[in-house]
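Engineer: Sequence:
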Amino acid sequence: MSKRKNDEDSDIDVSSTDESDNSDVEEQQDEVVNVDFDYFDLNPEVDFHATKTFLRQLFGDDATNFDISSLADMILTKNSVGTTIKTEGLEGDPFALLSVINLTDNAEKPCIRAVVDYILEKTKSDNEFNLILRKLLLPGKSTKDQTKQLKVGWIVSERMINMPVEVVPPMYKMLLEEMEKAEDAHEKYEFDYFLVVSKIYKMVGSTADEEETAPKKKKKASTEEEFDYFHYEDLVLEENAKYHKHYEYTNHLQETDSRRVFTEYGIDPRLSLLLLDKKGLAKSVPEMAEKFPPF
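Just so we're aligned: the sequence shown equals residues 1 to 295 in UniProt numbering.
Note that these hints are calculated values from the structure, not bench results. Wrong hints could be hidden among the right ones.
[Stated by the list, open to error] List of simulated lysine to aspartate or glutamate pairs, EDC-like, C-alpha gap at most 20 Å: (1) Lys245 <-> Asp62; (2) Lys242 <-> Glu287; (3) Lys199 <-> Glu88.
[Said to hold, decoys possible] Label pairs and their in silico Cβ distance ranges: (4) Phe48 <-> Glu226: 30 to 40 Å; (5) Glu88 <-> Gly140: 38 to 48 Å; (6) Asp277 <-> Gly92: 33 to 43 Å; (7) Thr87 <-> Phe48: 31 to 41 Å.
A quick note: this is a predicted structure, and the numbers were derived from the prediction, not measured. Beta carbons are placed, not taken as given, at the ideal position from N, Cα and C, and that holds for glycine.
Let the sequences and hints guide you as you build the complete structure.
Structural biologist: Next up, the structure:
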């Protein structure tokens with residue numbers, strides 16, 4: 001079901017440079033391609049393979065540690081909340097996806113246990129963060145009141161790499177509205193905390209460049225690490241998070257030099273984990289819309 005259409009077309013600039021004849025210097029004109037982004041409900045009959053692709057992309061080199069098919073099934077369960085963005089109607093492939101999985105109620109499912117174990121293993125060097133996650137994610141009561149357990153929702157957000165961040169704030173706004181209005185909202189979507197699994201990347205110098213300049217005097221290396229974002233909405237989420245840290249992936253299947261595209265740097269992807277309470281997420285959504293307004 002189509003939720004709503006973006007109020008305006010998005011202008012995506014696609015420019016190219018012809019360097020075949022350096023003697024001819026001509027002014028290059030940008031080609032503008034108008035793309036209509038439509039927002040849709042999740043569709044299990046259409047979105048399964050794309051959802052698996054998004055999950056593999058989200059977990060990077062560690063995706064092989066998880067039962068991606070089962071996780072995709074959980075995201076696309078009947079009456080689940082969430083949004084996809086498509087350009088070719090309901091039957092088209094999603095370009096972006098945002099949904100939430102109830103980690104508390106599904107804690108005993110093997111595909112969720114694998115994700116929880118992975119997150120706890122990654123955060124074990126951060127004692128306070130790890131302790132909070134253990135109380136929230138492992139079976140048992142997470143409060144002094146033994147009749148209540150705090151509920152955690154895992155926000156699954158991923159998109160094609162060339163999708164603009166401006167499409168994200170409306171998706172989060174719709175997610176909050178859907179969780180509040182769902183028929184089984186109290187049982188399934190009344191979360192106390194939200195866990196966001198995301199990714200950032202560290203910019204690294206090329207080892208190939210170092211080898212080429214080895215005989216020369218090396219410059220003093222900078223000890224300051226530089227990071228950038230795949231998901232720029234994380235800038236807002238981090239500001240309102242109770243905890244946020246990033247970690248190296250367990251598996252390293254691709255050299256950083258092979259990831260150099262259009263820059264002099266290699267990129268070293270890292271896992272990013274953010275924990276927000278429900279007030280923090282509610283505060284983040286309008287701040288996202290302000291920071292990344294629609295086209």
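Engineer: With reference to the structure, classify each hint as holding or not holding.
Structural biologist: Taking the hints in turn, this is what the structure says about them:
no.: 1; hint: Lys245 <-> Asp62; in the structure: holds (17 Å)
no.: 2; hint: Lys242 <-> Glu287; in the structure: holds (17 Å)
no.: 3; hint: Lys199 <-> Glu88; in the structure: violated (28 Å)
no.: 4; hint: Phe48 <-> Glu226: 30 to 40 Å; in the structure: holds (37 Å)
no.: 5; hint: Glu88 <-> Gly140: 38 to 48 Å; in the structure: holds (46 Å)
no.: 6; hint: Asp277 <-> Gly92: 33 to 43 Å; in the structure: holds (36 Å)
no.: 7; hint: Thr87 <-> Phe48: 31 to 41 Å; in the structure: violated (19 Å)
Checked against the numbered hints above, the structure breaks hints 3, 7 and satisfies the rest.
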